[in-house]
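Participant: The primary structure of each chain is shown beneath.
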Amino acid sequence: MVLVFALFACLKAPVPVQSGNARQLVVANVMDSTTDVSATGTPAAFDVAVVGAAGRRKLVTLLVEGGPAFDTFTAVRDTSRRITALKEESRDTPLLLVETAPVFFSELNGQYRWTVAVHVSLVAADGTFNEARFDVPVFLQYHHQREAEAVDAASPVVERRVGEVIDTWLSGGG
Amino acid sequence: MILLVCAALATDVGGYVRIMTRPDMEGGDGKLGYWNLYGRLMNEGPYAALELRQGILEPKPGSRAPWTDIHAKIEGGTVANADAGNGSLAYLRLSQLYAQAGNVGLSDVTWRLGTLESNFGDLGLYDMKPAQVLYDTVGAQARYQTPGLEFTLGAGDAGWSMKGAEYNTVLTGGLTARVSIANHFEIGAGGQAYVEPMVIGNRFAPYNTPNVDYEDYLRGEVVERWLDDHPSQLADFPNPEPTDSQSWKAVGYMGFGGFGPVVWNSLYVNYTQLHPKGYVTETVDGDDIDIYVHDLTDERTQLLVGDEVQLQLVPQRWDLSLAGLYGDAQDGDNNLAPTDDDRTYMSVVMRNQVYLAPTLHLLVETSLAREESHNGNAFRNHKDSLFVNTEGQADAEGFEYGDAAERVTWQGKGGFVLNPLGPGIYTRPSLRLLYGVQYSTQNNAFGNSFVESLDQYNDFGNVERHWHNVVALEAEAWF
Chain Z
1 MVLVFALFAC LKAPVPVQSG NARQLVVANV MDSTTDVSAT GTPAAFDVAV VGAAGRRKLV
61 TLLVEGGPAF DTFTAVRDTS RRITALKEES RDTPLLLVET APVFFSELNG QYRWTVAVHV
121 SLVAADGTFN EARFDVPVFL QYHHQREAEA VDAASPVVER RVGEVIDTWL SGGG
Chain D
175 MILLVCAALA TDVGGYVRIM TRPDMEGGDG KLGYWNLYGR LMNEGPYAAL ELRQGILEPK
235 PGSRAPWTDI HAKIEGGTVA NADAGNGSLA YLRLSQLYAQ AGNVGLSDVT WRLGTLESNF
295 GDLGLYDMKP AQVLYDTVGA QARYQTPGLE FTLGAGDAGW SMKGAEYNTV LTGGLTARVS
355 IANHFEIGAG GQAYVEPMVI GNRFAPYNTP NVDYEDYLRG EVVERWLDDH PSQLADFPNP
415 EPTDSQSWKA VGYMGFGGFG PVVWNSLYVN YTQLHPKGYV TETVDGDDID IYVHDLTDER
475 TQLLVGDEVQ LQLVPQRWDL SLAGLYGDAQ DGDNNLAPTD DDRTYMSVVM RNQVYLAPTL
535 HLLVETSLAR EESHNGNAFR NHKDSLFVNT EGQADAEGFE YGDAAERVTW QGKGGFVLNP
595 LGPGIYTRPS LRLLYGVQYS TQNNAFGNSF VESLDQYNDF GNVERHWHNV VALEAEAWF
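So the sequence lines, in the order shown, correspond to chains Z and D.
Letter 63 of the first sequence, counting from 1, is numbered 63 in this note's numbering, and no numbers are missing.
Letter 163 of the second sequence, counting from 1, is numbered 337 in this note's numbering, and no numbers are missing.
I should point out that these hints are in silico values taken from the structure, not numbers from a laboratory.
Even glycine gets a Cβ: it sits at the ideal position worked out from N, Cα and C.
Among the hints, erroneous ones may be present.
To be verified - Short, incomplete list of chain D residues facing chain Z, as computed with Cβ under 10 Å:
no.	residue
1	276
2	321
3	357
Unchecked claim - Computed list of lysine to aspartate or glutamate pairs in EDC-like fashion (alpha-carbon distance at most 20 Å, straight line):
no.	chain 1	residue 1	chain 2	residue 2
4	D	557	D	638
5	D	234	Z	135
6	D	234	Z	78
The following block holds chain Z by itself, in its conformation from the complex (with noise of 0.2 Å):
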């Protein structure tokens, strides 16, 4: 039994696809609060879990914190009127945008649950859209951890997800 548990401990991940040259992507992730009207960045663990996931693919990332377009986003909370604005200001290098609204759901056994929902979406330079949503059911142990460090625990799954969008985008010939 040890040895099946320390078989399952070192099995490797597949190596994910990868772009064939090196090119670049606009990368912004968002947090929706709903407890109060504010749309802010996400964690920096999260930022790094995204980035990670392009980077993997040997794609270059440029991260988007802050600027004309990202100030706007507490404003504007619709998708596509978001990926305009950012498109203004990246152009023709392909664009990520990552946003997450954490709710809470409640206290259960113990832990504080809440539920992220996330929307990826994918803009390339000619326009081909891939997206995911989902929802990441987090547990956070303490009642000071409120909606960041919900955004952050849903890191691990986000990456995987934000991956299979990149790869689509990539088999596809982007």
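Model the placement of chain D on the given structure of chain Z, informed by the hints.
Facilitator: Just chain D now, with coordinates in the frame of chain Z:
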């Protein structure tokens, strides 16, 4: 994005499960020891909980528009093939059902109607919530919450929870307040009060049978002694006198962390004046006589203090969680018999989790506990202890039990944990392969089917066993 949230959260299901097999070659029921005082690990059975959140009006990002949802939770401690209940639905219950609404009338206030609850958190290693109020209440609650302040006020009826089929209204109200400072310090306090009013004529309301001797009550001989003094006058046995009952609890909490290796430290305290009991029934010559015991059970108090600190000793390599628990139960009416209402207990639990790989962990836990009865012997230390009680001697009229007033228990547990989501003492799901060992001063100090009577002793005999060994294969997950 708004549409995404609405679609995603219309119906949301969460839950918690734990299941294990712990074949016990020493006659136990699969648990290493008796209860969570020695740490929850390997001392708990299977459990399943399923909670449904049905959104009616979803919260909208960027908006303070009203929202509302409904929660229903079903839970219970049985799973097919894993315990005596065999997964029977009879052991599951609809433990929570409530409707919530936010941004209605007052901003930052969540209204709740149905089953209530407010607590300051969990002692994870013990699986206890020492600072909890309103969990037994159905009623209405309001919670004001901002990043730095949380205030909860609730009121309702705890009669069904406290008295079940012998329902009588128990009015209750409770509140909690918590202040958070910069995500590094929290302090909170709260309380709950209960009032069970006098209702003349309702036999489940509080009454008191006059002039009952506590020893007679313990022996179940109140009527018999009265008939000794009043032969053939059972019809004149004193009628119960109506009264009312009150009880209360106070809770406190302090938390700090987020610096150095200290992830978080939580200190909880709870002081409770227990609610007086209703009645006991004695049968004499085929007649059932109810003895109302308000005045015999109205001096019971409980103090519970618990602390748990989680340390990240070597990031991504070694985490440690250390917890302590102290409980003191006093029964001012009872100076005769050892009971759970008259004892002191304390323990420490330490869990180490070393990350051999991100998904493969080594878990090592140890605990030391001491329990002491205030009213004499309560534990059997030897295989022939069922022959003795008072002061270690056989006394057919004695209240004591066994030959020791103290039980000391040590447990050690260790093994491998497979965590697909990576490091973290409380990261789940976890698949665990564990070995646990317990030493107790009490003989056979675990759930078992060994002899309990002299007849059984004559047939089966008994064994002297202070060490207990269990191997466990477990799975635990939140979802």
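Participant: Are the hints correct? Go through all of them and say.
Facilitator: Hints and how they fare:
1. 276: holds (9 Å)
2. 321: holds (7 Å)
3. 357: Holds, about 5 Å.
4. D:557 with D:638: holds (5 Å)
5. D:234 with Z:135: holds (16 Å)
6. D:234 with Z:78: holds (12 Å)
In summary, the structure agrees with every hint in the numbered list given earlier.
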